[in-house]
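A.B. asks: Protein chains in written order, with the numbering used here: chain A, 1 to 113; chain B, 1 to 112.
Calculated from the structure, these hints are not laboratory results.
Just so you know, even glycine gets a beta-carbon here, dropped at the ideal spot from N, CA and C.
Check the hints yourself; a few may be wrong.
As the list claims (entries may be wrong) - Simulated crosslink set (DSS-like; lysine-lysine; CA at most 25 Å straight-line):
1) Lys101(A) - Lys5(B)
2) Lys44(A) - Lys68(B)
3) Lys41(A) - Lys71(B)
4) Lys71(B) - Lys40(A)
5) Lys67(A) - Lys19(A)
6) Lys54(B) - Lys101(A)
7) Lys71(B) - Lys101(A)
8) Lys5(B) - Lys40(A)
9) Lys56(B) - Lys101(A)
10) Lys44(A) - Lys5(B)
11) Lys5(B) - Lys36(A)
12) Lys5(B) - Lys41(A)
13) Lys44(A) - Lys71(B)
14) Lys68(B) - Lys101(A)
What the hints assert, rightly or not - Covered, in the sense of this in silico footprint (three residues per stretch, anywhere, with C-beta under 8 Å from a C-beta of chain B), are these stretches of chain A:
15) 36-43
16) 47-57
17) 85-98
18) 101-110
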Amino acid sequence: DTAVSQTPKYLVTQMGNDKSIKCEQNLGHDTMYWYKQDSKKFLKIMFSYNNKELIINETVPNRFSPKSPDKAHLNLHINSLELGDSAVYFCASSRRATNEKLFFGSGTQLSVL
Amino acid sequence: DQQVKQNSPSLSVQEGRISILNCDYTNSMFDYFLWYKKYPAEGPTFLISISSIKDKNEDGRFTVFLNKSAKHLSLHIVPSQPGDSAVYFCAASREGAQKLVFGQGTRLTINP
Numbered sequence: 001d002t003a004v005s006q007t008p009k010y011l012v013t014q015m016g017n018d019k020s021i022k023c024e025q026n027l028g029h030d031t032m033y034w035y036k037q038d039s040k041k042f043l044k045i046m047f048s049y050n051n052k053e054l055i056i057n058e059t060v061p062n063r064f065s066p067k068s069p070d071k072a073h074l075n076l077h078i079n080s081l082e083l084g085d086s087a088v089y090f091c092a093s094s095r096r097a098t099n100e101k102l103f104f105g106s107g108t109q110l111s112v113l
Numbered sequence: 001d002q003q004v005k006q007n008s009p010s011l012s013v014q015e016g017r018i019s020i021l022n023c024d025y026t027n028s029m030f031d032y033f034l035w036y037k038k039y040p041a042e043g044p045t046f047l048i049s050i051s052s053i054k055d056k057n058e059d060g061r062f063t064v065f066l067n068k069s070a071k072h073l074s075l076h077i078v079p080s081q082p083g084d085s086a087v088y089f090c091a092a093s094r095e096g097a098q099k100l101v102f103g104q105g106t107r108l109t110i111n112p
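One chain only, chain A, in its complex shape (with noise of 0.2 Å):
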C-alpha cells in the first residue's frame, strides 16, 4: 500500500482551465503539505495543513486553494492556470508539524499550454 498517494501523475491543460491535485494518506498523520518543485528544482513548501487546519500559506497566488476534508486527505484546486504555473506539485505528510521528517508522494507533472 502506497502511503502518501497522490492523482493524477501527469496533468496536461491549457491555460485559463480549473483543475484539481488530490492527495491521500495512510500513514495516520496529522499534517500534510502541498509542496512545488519549479524549473530550477527547488523544492518550496505552498500549503500546510494541521489535522485539517490551515497552518503555513507561503504567499501562493488566490488561484490555489487546498482543501482538508478530513485528516487523512489534501486536496489542490488551481483556476484560471497560468503558464508558470507547469512545474512538479508533491503531496506529503508527517506525524506532527514541527521538526519532523516528510513522506512524499510520487508527484504529479502539472504542464499548463
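Position chain B against the provided structure of chain A, taking the given hints into account.
C.D. replies: Using the frame of chain A, we list chain B on its own:
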C-alpha cells in the same frame, strides 16, 4: 533568498568509493537537518537526519556531519553503490517553523 544551498548540481563517483555531498545554510535558527534521496518520477524519500545537538549521525553506509559554526552539513556514502545514483536534497527546519526548507539538489551518479 535561498536559505539552504547545494552548490554542486552534480557529482560523479566510482562504485565502491566514498561519495560526499555538501550543503550550506544561512539561517542560524535551523536546528534539524535532513537528507532526502529522489529517483526520477518518484517523490523524495527520507534518508537520514541530524539534530543540532549532535555533530554526526550514522546509519549503515550513510553518515551525516554537521558543522554549526560553518553552517555546513555533508552526507557521506561509503561504499557507493550503483543504486545510490539519484538526486539528493538537503533540508532544514527550526522548532516551531512547521516547514522544511530544501536545497536545490545534487545529482549523484555512481559509475561502475
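A.B. asks: Compare the structure with each hint and give your call.
C.D. replies: Going down the list of hints, with the structure as the test:
1. As the CA atoms of lysine 101(A) and lysine 5(B) are separated by approximately 19 Å, the hinted pair is consistent with the 25 Å bound.
2. For the suggested pair lysine 44(A) and lysine 68(B), the alpha carbons sit about 24 Å apart, so the restraint of at most 25 Å is met.
3. For the proposed pair lysine 41(A) and lysine 71(B), the alpha carbon gap of about 22 Å is at most 25 Å, so the pair holds.
4. Simply put, lysine 71(B) and lysine 40(A) have alpha-carbon atoms about 23 Å apart, close enough for the 25 Å limit, and the pair holds.
5. Taking the CA atoms of lysine 67(A) and lysine 19(A), the gap is about 13 Å. The hint holds against a cut of 25 Å.
6. Distance check on the hinted pair: lysine 54(B) and lysine 101(A) sit about 17 Å apart at the alpha-carbon level, within 25 Å; holds.
7. Taken as a hint, the lysine 71(B) and lysine 101(A) pair is honoured in the structure, with Cα atoms around 20 Å apart against an allowance of 25 Å.
8. Between the alpha carbons of lysine 5(B) and lysine 40(A) the distance comes to roughly 12 Å, so the proposed pair stays at or under 25 Å and holds.
9. Restraint check for lysine 56(B) and lysine 101(A): satisfied, since their Cα atoms lie roughly 18 Å apart, inside the 25 Å limit.
10. Distance check on the hinted pair: lysine 44(A) and lysine 5(B) sit about 13 Å apart at the alpha-carbon level, within 25 Å; holds.
11. Taking the CA atoms of lysine 5(B) and lysine 36(A), the gap is about 17 Å. The hint holds against a cut of 25 Å.
12. Between the alpha carbons of lysine 5(B) and lysine 41(A) the distance comes to roughly 12 Å, so the proposed pair stays at or under 25 Å and holds.
13. Distance hint between lysine 44(A) and lysine 71(B) is fulfilled; the C-alpha atoms sit about 21 Å from each other, no more than 25 Å.
14. Among the hinted pairs, lysine 68(B) with lysine 101(A) is consistent with the structure: their alpha-carbon atoms are about 20 Å apart, no more than 25 Å.
15. Residue count for the region 36-43 of chain A with a Cβ under 8 Å from a Cβ of chain B: 4. That meets the three needed, and the coverage hint holds.
16. For the region 47-57 of chain A, the stated coverage by chain B holds: 4 residues have a C-beta nearer than 8 Å to a C-beta of that chain, and at least 3 were required.
17. Residues of the region 85-98 of chain A with a Cβ under 8 Å from some Cβ of chain B number 4, which satisfies the need for three, so the listed coverage holds.
18. Only residues whose C-beta sits within less than 8 Å of a C-beta in chain B count toward coverage, and the region 101-110 of chain A has 7 of them, enough to reach three; the restraint holds.
No hint from the list above goes unmet by this structure.
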